[in-house]
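Going by numbering that gives the first Met the number 0, the sequence shown wraps up at 97, each residue one higher than the last.
Any given hint might turn out to be false.
Keeping only pairs whose Cα atoms sit at most 25 Å apart, straight-line, the calculated SDA-like set for lysine to any residue is [what the hints assert, rightly or not]:
| # | residue 1 | residue 2 |
| --- | --- | --- |
| 1 | K59 | W72 |
| 2 | K51 | P62 |
| 3 | K51 | R40 |
| 4 | K46 | A57 |
| 5 | K59 | T71 |
| 6 | K51 | Q65 |
| 7 | K59 | I73 |
| 8 | K51 | Y63 |
| 9 | K59 | R49 |
| 10 | K46 | K59 |
| 11 | K59 | G48 |
| 12 | K51 | A61 |
| 13 | K59 | L69 |
| 14 | K59 | W47 |
| 15 | K46 | A60 |
| 16 | K46 | A58 |
| 17 | K51 | A66 |
| 18 | K51 | V64 |
| 19 | K59 | A70 |
| 20 | K46 | A56 |
| 21 | K51 | E39 |
Hint data in this document are derived by calculation from the structure and do not stem from the laboratory.
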Amino acid sequence: MSDKDAGKDGEDPTADFLAEVRPEETPWRTERPPGEEAPERAERPEKWGRAKSAGRAAAKAAPYVQAAALATWIVSGTLDDSGSDSGDFGDLGSSGDA
Numbered sequence: 000m001s002d003k004d005a006g007k008d009g010e011d012p013t014a015d016f017l018a019e020v021r022p023e024e025t026p027w028r029t030e031r032p033p034g035e036e037a038p039e040r041a042e043r044p045e046k047w048g049r050a051k052s053a054g055r056a057a058a059k060a061a062p063y064v065q066a067a068a069l070a071t072w073i074v075s076g077t078l079d080d081s082g083s084d085s086g087d088f089g090d091l092g093s094s095g096d097a
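Please put together the full structure from these sequences, using the hints given.
The following block contains the structure:
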């Protein structure tokens, strides 16, 4: 740091500002003393067990659903661009003898 960066008193104003605005250390972020066991987690009843498991399953399946939608879109685009007449598909089930 140069003398120009330091204030008239030779102190760094940025360091002073940061010291003022820095939050105090929170108690849950301090380390436990060595040998002390971790506190037990509070037991809580699982009210939404099925909903959570369904949500997890949907979240795991989402990439596959997106990939399937993309593949369907690509295939439908290539079928539309293949140059076949769209009227040809309407006659597939009929036999010309009515």
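Here is how each hint holds up against the structure:
1. K59 to W72: holds (22 Å)
2. K51 to P62: Given that 25 Å is the threshold and the Cα spacing comes to 18 Å, the pair holds.
3. K51 to R40: holds (20 Å)
4. K46 to A57: Cα-Cα ~19 Å, so holds.
5. K59 to T71: Measuring from Cα to Cα gives roughly 20 Å; hence the hint holds.
6. K51 to Q65: Given pair K51, Q65 holds - Cα atoms ~21 Å apart, limit 25 Å.
7. K59 to I73: holds (23 Å)
8. K51 to Y63: holds (19 Å)
9. K59 to R49: holds (15 Å)
10. K46 to K59: Distance of about 22 Å is within 25 Å: holds.
11. K59 to G48: holds (17 Å)
12. K51 to A61: holds (15 Å)
13. K59 to L69: holds (17 Å)
14. K59 to W47: holds (18 Å)
15. K46 to A60: With a Cα-Cα distance of about 23 Å, the restraint between K46 and A60 holds, given a limit of 25 Å.
16. K46 to A58: At roughly 20 Å apart (the allowed maximum being 25 Å), A58 and K46 satisfy the hint.
17. K51 to A66: Between K51 and A66 the Cα gap is close to 24 Å, so the pair holds against 25 Å.
18. K51 to V64: At roughly 19 Å apart (the allowed maximum being 25 Å), V64 and K51 satisfy the hint.
19. K59 to A70: holds (19 Å)
20. K46 to A56: Between K46 and A56 the Cα gap is close to 18 Å, so the pair holds against 25 Å.
21. K51 to E39: Given that 25 Å is the threshold and the Cα spacing comes to 23 Å, the pair holds.
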